[in-house]
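One line per chain: the protein sequences are A and B, in this order.
Anchor point for the first sequence: position 16 equals 0 in my numbering, and the numbering is continuous, going up by one each time.
Anchor point for the second sequence: position 12 equals 22 in my numbering, and the numbering is continuous, going up by one each time.
A portion of the hints provided could be inaccurate.
[Stated by the list, open to error] BS3-like, lysine-lysine: derived pairs with alpha carbons at most 30 Å apart:
no.: 1; chain 1: A; residue 1: Lys70; chain 2: B; residue 2: Lys30
no.: 2; chain 1: B; residue 1: Lys40; chain 2: B; residue 2: Lys82
no.: 3; chain 1: B; residue 1: Lys82; chain 2: A; residue 2: Lys232
no.: 4; chain 1: A; residue 1: Lys232; chain 2: B; residue 2: Lys30
no.: 5; chain 1: B; residue 1: Lys139; chain 2: B; residue 2: Lys119
no.: 6; chain 1: B; residue 1: Lys182; chain 2: B; residue 2: Lys301
no.: 7; chain 1: B; residue 1: Lys138; chain 2: A; residue 2: Lys70
no.: 8; chain 1: B; residue 1: Lys151; chain 2: A; residue 2: Lys238
no.: 9; chain 1: B; residue 1: Lys119; chain 2: A; residue 2: Lys238
no.: 10; chain 1: B; residue 1: Lys151; chain 2: B; residue 2: Lys124
no.: 11; chain 1: B; residue 1: Lys82; chain 2: A; residue 2: Lys233
no.: 12; chain 1: A; residue 1: Lys233; chain 2: B; residue 2: Lys30
no.: 13; chain 1: A; residue 1: Lys232; chain 2: B; residue 2: Lys90
no.: 14; chain 1: A; residue 1: Lys233; chain 2: B; residue 2: Lys90
no.: 15; chain 1: B; residue 1: Lys30; chain 2: A; residue 2: Lys238
no.: 16; chain 1: B; residue 1: Lys186; chain 2: B; residue 2: Lys41
no.: 17; chain 1: A; residue 1: Lys238; chain 2: B; residue 2: Lys90
no.: 18; chain 1: B; residue 1: Lys258; chain 2: B; residue 2: Lys240
no.: 19; chain 1: B; residue 1: Lys139; chain 2: A; residue 2: Lys70
no.: 20; chain 1: A; residue 1: Lys238; chain 2: B; residue 2: Lys72
no.: 21; chain 1: A; residue 1: Lys232; chain 2: B; residue 2: Lys119
no.: 22; chain 1: A; residue 1: Lys233; chain 2: B; residue 2: Lys33
no.: 23; chain 1: B; residue 1: Lys119; chain 2: A; residue 2: Lys70
no.: 24; chain 1: B; residue 1: Lys151; chain 2: A; residue 2: Lys70
no.: 25; chain 1: A; residue 1: Lys70; chain 2: B; residue 2: Lys90
no.: 26; chain 1: B; residue 1: Lys163; chain 2: A; residue 2: Lys70
no.: 27; chain 1: B; residue 1: Lys267; chain 2: B; residue 2: Lys248
Keep in mind the hints are simulated off the structure, nothing from the lab.
Please read all numbers here as calculations on a predicted model, not as lab measurements.
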Amino acid sequence: MRINYYGFRAIYLHEMDRFRRTLLQSLISPVLSTSLYFIVFGSVIGNYVQNIDGISYGSYIVPGLIMLTLLTQSISNTSFGIFFPKFNGSLYEILAAPISTFEMVLAFVGAGATKTLIIGAVILATSNFFVEVSILHPLLMVFLLVLVAFTFALFGFLIGLLSSNFEQMSIIPTLVITPMVFLGGSLYSLDMLPPFWQMVTYFNPVVYLINGLRFSFYGASDFNIWISIASMIFFLVLCISVVAYVLKKGYTIKS
Amino acid sequence: MSEDLISINNLSKTYQNGLKALKNVSLNIKKGEILAMLGPNGAGKTTLISIICGIVTPSSGKVDVDGFDIIKDYRQTRSKIGLVPQELTLENFETVFNNVSFTRGLYGKAPDPKYIESVLKKLSLWDKKDNILRQLSGGMKRRVLIAKALSHKPSILFLDEPTAGVDVELRKDMWKSVEALRESGVTIILTTHYIEEAEAIADRVAVINNGEIIVVDQKQDLLNKMGKKKLRIDLHEKTATIPESLSKYDLELSGNKLSLTYSYDTQKQRTGITNLLQDIRDQGLKLKDLKTEESTLEKIFVTLVRENNEN
Chain A
-15 MRINYYGFRA IYLHEMDRFR RTLLQSLISP VLSTSLYFIV FGSVIGNYVQ
35 NIDGISYGSY IVPGLIMLTL LTQSISNTSF GIFFPKFNGS LYEILAAPIS
85 TFEMVLAFVG AGATKTLIIG AVILATSNFF VEVSILHPLL MVFLLVLVAF
135 TFALFGFLIG LLSSNFEQMS IIPTLVITPM VFLGGSLYSL DMLPPFWQMV
185 TYFNPVVYLI NGLRFSFYGA SDFNIWISIA SMIFFLVLCI SVVAYVLKKG
235 YTIKS
Chain B
11 MSEDLISINN LSKTYQNGLK ALKNVSLNIK KGEILAMLGP NGAGKTTLIS
61 IICGIVTPSS GKVDVDGFDI IKDYRQTRSK IGLVPQELTL ENFETVFNNV
111 SFTRGLYGKA PDPKYIESVL KKLSLWDKKD NILRQLSGGM KRRVLIAKAL
161 SHKPSILFLD EPTAGVDVEL RKDMWKSVEA LRESGVTIIL TTHYIEEAEA
211 IADRVAVINN GEIIVVDQKQ DLLNKMGKKK LRIDLHEKTA TIPESLSKYD
261 LELSGNKLSL TYSYDTQKQR TGITNLLQDI RDQGLKLKDL KTEESTLEKI
311 FVTLVRENNE N
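Isolated chain A, as found in the complex (with noise of 0.2 Å):
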């Protein structure tokens, strides 16, 4: 056996099929929070505000609140998916299967990944409802959200494998993660912002994700998409390094 395949199967199918379990929280919660946002920003203040780049505001905020979803759901997911059998001792079994640790990273994220996707397709279809979505670059923006949702599903997996308790569980995502997607122009151009606060949101990474896909669908950012998708890059290749390090290291599940 050199690759077990039928190992990688077993723990993406497992992941998904709590996907399906906890329908109601993974794909309705999150379908509904977006709604509400679209109510209130897009329809509400919408109407108050003018169009940016040319686009209506509602429209305008579509792709921040994908990425908004896109990033808190993909943490939540994955780093649920690798903390629930550290904390209930299940993972005896999966650090004693033949499995390589390549393999069962990838099928945690990739299922953690695949939900996150799903996500996303589903609150591009609800926008449709409220607002008027058009996509330039198709492919661009398919690619960016499959980078995006497994750069953060292996970021969740991080926090996950390093969390000792639901309370660390919560703390990047609430603390970190939210405020960051908020004030990285998510629901408005940084041109909007005083001088000193867009210096300050050019040291926030998730500006330049939301710009990238701002991009993919009206063509318009505050950035040239070369520097969306190489800070993409860049974060991605930065957490494998971390969890290939801690899963050497064997922290917190190996002794």
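The hints should help you fit chain B onto chain A, whose structure is shown.
The following block gives chain B in isolation, referenced to the frame of chain A:
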């Protein structure tokens, strides 16, 4: 029976907190045998099993399973092994059937619902196949763990305290299952606190204490070698002390002064029983009853561990 299936050489494990769980352990496990590992809590039994299964990384030493190295050739070694852990660690929200099928997949085997069905039937779990794990009793959960461990047809089965917290009837059922597995060619290594369990089903016994193997031997040889017998002599009338003429025997007088206990070695040519009884009669003591008592594995185990701790 003589072929070594698992060979453990100079295996040591020191945990990050400095605990030396295993100290230079060497042990060979033969194909087709049932080996019982006995030892007090914290002796290193679970660490030893966990290293062979790949859950814990050894600090030094080498383990081969069927000629493959457990670290370099982990795919070959692990796919031969089934593990039933000590704790009831299960995915509580999945059904019994899915739980068992999941493990089969992890071990690289294509789905085989027919085989899973046969395993569940053997363990009297078939009627619970669609139940969610958390709806099951502790004894059933333990059987699910066994079903999981058997889901990929392992040739080696590790049972870490398989009958902890299991009622007497189920325990005996499990012993039968273990025996049936051995008959089908599976090599079984079990750790246990219940010495009667080792006595009932093991071929060989290894006693572990403080991370070291104190003794490994055929169960029967161990019982013969270490075993002492006791002869209890009940008297009709009380005797205040052991009479002078009987002082050459290893005798103990009971608290109520109504019986004498004589310890003797069964391995000796002469046990001294005839002479003792003769001398008792000469003393004028009248016998009421005689009883012999054989030392169990439990007593041998307690003696071994105590001696080891004293050294």
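Next pair to validate is Lys232(A) with Lys90(B); report whether the Cα-Cα distance is within 30 Å.
Holds, because 24 Å separates the two Cα atoms, which is no more than 30 Å.
Given the hinted pair Lys258(B) and Lys240(B), is their alpha-carbon gap at most 30 Å?
16 Å, holds
Restraint check for Lys233(A) with Lys30(B), where alpha carbons must lie at most 30 Å apart:
19 Å, holds
Against the 30 Å threshold, does the CA-CA distance of Lys163(B) and Lys70(A) hold or violate the hint?
Between Lys163(B) and Lys70(A) the Cα gap is close to 26 Å, so the pair holds against 30 Å.
Next pair to validate is Lys182(B) with Lys301(B); report whether the Cα-Cα distance is within 30 Å.
This hinted pair holds, its Cα atoms lying about 28 Å apart.
Tell me if the straight-line CA distance from Lys139(B) to Lys70(A) falls inside 30 Å.
25 Å, holds
Satisfaction of hint between Lys70(A) and Lys138(B), Cα-Cα up to 30 Å:
26 Å, holds
Given the hinted pair Lys119(B) and Lys70(A), is their Cα-Cα distance within 30 Å?
Measuring from Cα to Cα gives roughly 24 Å; hence the hint holds.
Between Lys70(A) and Lys90(B), is the straight-line Cα distance small enough, at 30 Å or below?
Within the cut-off at roughly 24 Å; holds.
Mind checking the alpha carbons of Lys70(A) and Lys30(B) for me, to see if they're no more than 30 Å apart?
Within the cut-off at roughly 24 Å; holds.
Holds or violated: Lys40(B) with Lys82(B), Cα cutoff 30 Å?
The hint holds at about 22 Å.
Given the hint that Lys233(A) pairs with Lys33(B), test it: the Cα-Cα distance must not exceed 30 Å.
OK: Lys233(A) and Lys33(B) at ~22 Å, within 30 Å.
Against the hints set out earlier in the document, no violation occurs for any number.
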